[in-house]
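Asks: Just so you know, the protein sequences line up as chains H and G, in that order.
Numbering-wise (numbering that gives the first Met the number 0), the first sequence opens with residue 0 and increments by one.
Numbering-wise (numbering that gives the first Met the number 0), the second sequence opens with residue 0 and increments by one.
Keep in mind that the hints were calculated from the coordinates and are not lab data.
Any given hint might turn out to be false.
[Unchecked claim] Taking lysine-lysine and the DSSO-like style, the derived pairs with C-alpha atoms no more than 30 Å apart in a straight line are:
hint	chain 1	residue 1	chain 2	residue 2
1	G	K206	H	K219
2	G	K12	G	K170
3	H	K114	G	K233
4	G	K23	H	K284
5	H	K221	H	K324
6	G	K23	H	K225
7	H	K60	H	K87
8	G	K51	H	K82
9	G	K111	H	K14
10	H	K284	G	K51
11	G	K233	H	K294
12	H	K294	G	K108
13	H	K294	G	K51
14	G	K206	H	K221
15	H	K114	G	K241
16	G	K23	G	K51
17	G	K225	H	K284
18	H	K284	G	K252
19	H	K28	H	K68
20	G	K108	H	K219
21	G	K233	G	K111
22	H	K327	G	K170
23	H	K68	H	K114
24	G	K170	H	K82
25	H	K219	G	K200
26	G	K11	H	K221
27	H	K266	G	K241
28	H	K266	G	K252
29	G	K158	H	K325
30	H	K219	G	K170
31	H	K225	H	K266
32	H	K28	H	K87
33	G	K233	H	K284
34	H	K219	G	K248
35	G	K158	H	K324
36	G	K192	H	K266
37	G	K108	H	K325
[Unchecked claim] Computed far set for chain G versus chain H, every beta-carbon distance over 12 Å:
hint	residue
38	E50
39	R101
40	A134
It should be emphasised that the depicted structure is a prediction, and the values quoted were computed from it without experimental measurement.
Yeah, the Cβ is synthetic: ideal placement off N, Cα and C, and Gly gets one too.
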Amino acid sequence: MSEGILLFIEQRDGKLNRTSLETLVAVQKIAATTGDTTSAVVLGQGINEVATEIAAKKLAKVYTVEDDKLATYTPDAYVGALKQVIEKLNPRMVAFSHTYRVRDFAPRLTAALGKTFVTDCISFRQDGNDTVFTRQIFQGKINTDVRVQSAPPIFVSFQAGSYRADLAEVGDAPAAVEALAVDLSSVDVRTQTEAPFQEAKQAVDLTQAPLIVAIGRGIKEKDNIKIIEDLAAAMGAEIAASRPICDNEWLPMDRQIGSSGQTVAPKLYLAIGISGAIQHVVGMKNSQTIVAINKDPEAPIFDIADYGIVGDLFDIIPALTAEVKKAKGE
Amino acid sequence: MNIVVCLKQVPKKDSILRIAADQKWIDDRDISYEMSEADAYALEEALRQREKHGSGEVIVLALGPERVRQSIKEALAKGADRAIHLHDDIFNSATDAAGVARALAAALKDEKFDLVFTGLQSDDYGFAQVGLILAETLGLSSATIVMEVQPEGDSVRVKRELESGWFQWVKIPMPALLTIQSGINQLRYATLKGIMAAKKKELKEVKAADLGLTAQALQPAQVIEKAYLPIKSKQTEIIAGKPAEAAAKLVEKLKFDARVL
Chain H
0 MSEGILLFIE
10 QRDGKLNRTS
20 LETLVAVQKI
30 AATTGDTTSA
40 VVLGQGINEV
50 ATEIAAKKLA
60 KVYTVEDDKL
70 ATYTPDAYVG
80 ALKQVIEKLN
90 PRMVAFSHTY
100 RVRDFAPRLT
110 AALGKTFVTD
120 CISFRQDGND
130 TVFTRQIFQG
140 KINTDVRVQS
150 APPIFVSFQA
160 GSYRADLAEV
170 GDAPAAVEAL
180 AVDLSSVDVR
190 TQTEAPFQEA
200 KQAVDLTQAP
210 LIVAIGRGIK
220 EKDNIKIIED
230 LAAAMGAEIA
240 ASRPICDNEW
250 LPMDRQIGSS
260 GQTVAPKLYL
270 AIGISGAIQH
280 VVGMKNSQTI
290 VAINKDPEAP
300 IFDIADYGIV
310 GDLFDIIPAL
320 TAEVKKAKGE
Chain G
0 MNIVVCLKQV
10 PKKDSILRIA
20 ADQKWIDDRD
30 ISYEMSEADA
40 YALEEALRQR
50 EKHGSGEVIV
60 LALGPERVRQ
70 SIKEALAKGA
80 DRAIHLHDDI
90 FNSATDAAGV
100 ARALAAALKD
110 EKFDLVFTGL
120 QSDDYGFAQV
130 GLILAETLGL
140 SSATIVMEVQ
150 PEGDSVRVKR
160 ELESGWFQWV
170 KIPMPALLTI
180 QSGINQLRYA
190 TLKGIMAAKK
200 KELKEVKAAD
210 LGLTAQALQP
220 AQVIEKAYLP
230 IKSKQTEIIA
240 GKPAEAAAKL
250 VEKLKFDARV
260 L
């Protein structure tokens, strides 16, 4: 009988990935309605500290899996190890954070086990014995409620920022930490890894900017960025961008906000011609005040904006620049 | 160097999406379609690799209804050598990642290839899974969210994107499956010459029965019970008026209500 919920804890160089704590909150909330026992599993080498940190949270057990082949992350070793862990523990549900690493191995794992994987969920609801997951399609424009129709374990991943890590419940006493043995001798690790690196030294640290003016596809051409520069100069704001702008090299990569760029929470985030795809939103949704200017009234960016103007940015931005200058007495 | 590119066709980026009457999907009656963005980059990368290598084939593989032919033809016009279109009502059953991957895997069983490219995720469902399930099914090595591709003998060295501006080079043996990140290269347009040449290229239609697949075998294990517009997490104050009016009102709000200017 499959029982309990198993949470995958992500670590790199012995440091916990904070999104694991967010997913822990999701797991604790599911367990609160179903009565499931909850446990966590950490893979790697030198992971005692991470295991201890997680064991302080409200969990029945923390499993550690150590092996030479797990010292650096590779999809083959992670799939091989987790397959054995899941077969041994036989959980009813396995939960992940939807990180780039999880995206790199978990679909292989679920395929190897012949199971379905509900990815990038933002919430859940319990319906009798079933957990129904909410995931977004069309890059956040539409929500869907998804039901799994296959036998357990159910595999699910949650989007970064869907749950607040600081709401993770702490246990009355630390959870027991148990080393779980796996045999990876027959696992062929095909990936040879090199050390992770950062492209260029980040010239701009947007995380420290109190005011950010960000542009997206709506700007249409590189030459049009001039009007945004004028606005940013008038406001005393930093310029940032969504991914397509940096992909086109209209602005350098270190101006990119979102899952593959910087995560910011300024006093004011002015999103201009940005539709609000999830990959961008995760990098700015905690901004104190969000303003969206977009010609599409249905753009998802308006869902998280405090103020919105629906219209043509090429009319609105010059007017806005003039007003900002006026307000500043220039 | 033979490279298979898996292409998906999705509603155009600027489509106004409405929920269908049955609340299971979008109302697709007035929708126009295009290649999913990351898949377009995957195709471009395949063409560049073949050009660099000087020989080999770029084979396009796509699943979907009649309309998908238009994207396939675009790929052929851009320079792909031939295409396989999985076109059959039975494939409509494949609505989850595993079902699609099962069909694609069956279609590749007798193909000879060194690399398979997919986009890192589609712009509609966004499962981010089809490529890896395909790799697992076919026993291929894999790397995801790839920003640079360097074949080296029997292996391929790729630059993977990690989070928060970090990258990593990894090397995997071929045949390998790579999921390609948008922005890895600059997309080309089809030329008139390319469009003319595409007319003579092979576009093979494959039915489910040709692959020994039934609707039963493609049944999804996860289904959309309900599709709906997101519930707003914030009360957005929409500022109306002519540009100058709206701009003035916004500055006033930011200065006196939000106190951020």
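Asks: Find the hints from earlier in the document that the structure breaks and name them by number, from lowest to highest.
Replies: Result: hints 1, 2, 3, 6, 8, 9, 10, 12, 13, 14, 15, 16, 19, 20, 21, 22, 25, 29, 30, 35, 36, 37, 39 and 40 break, sorted rising.
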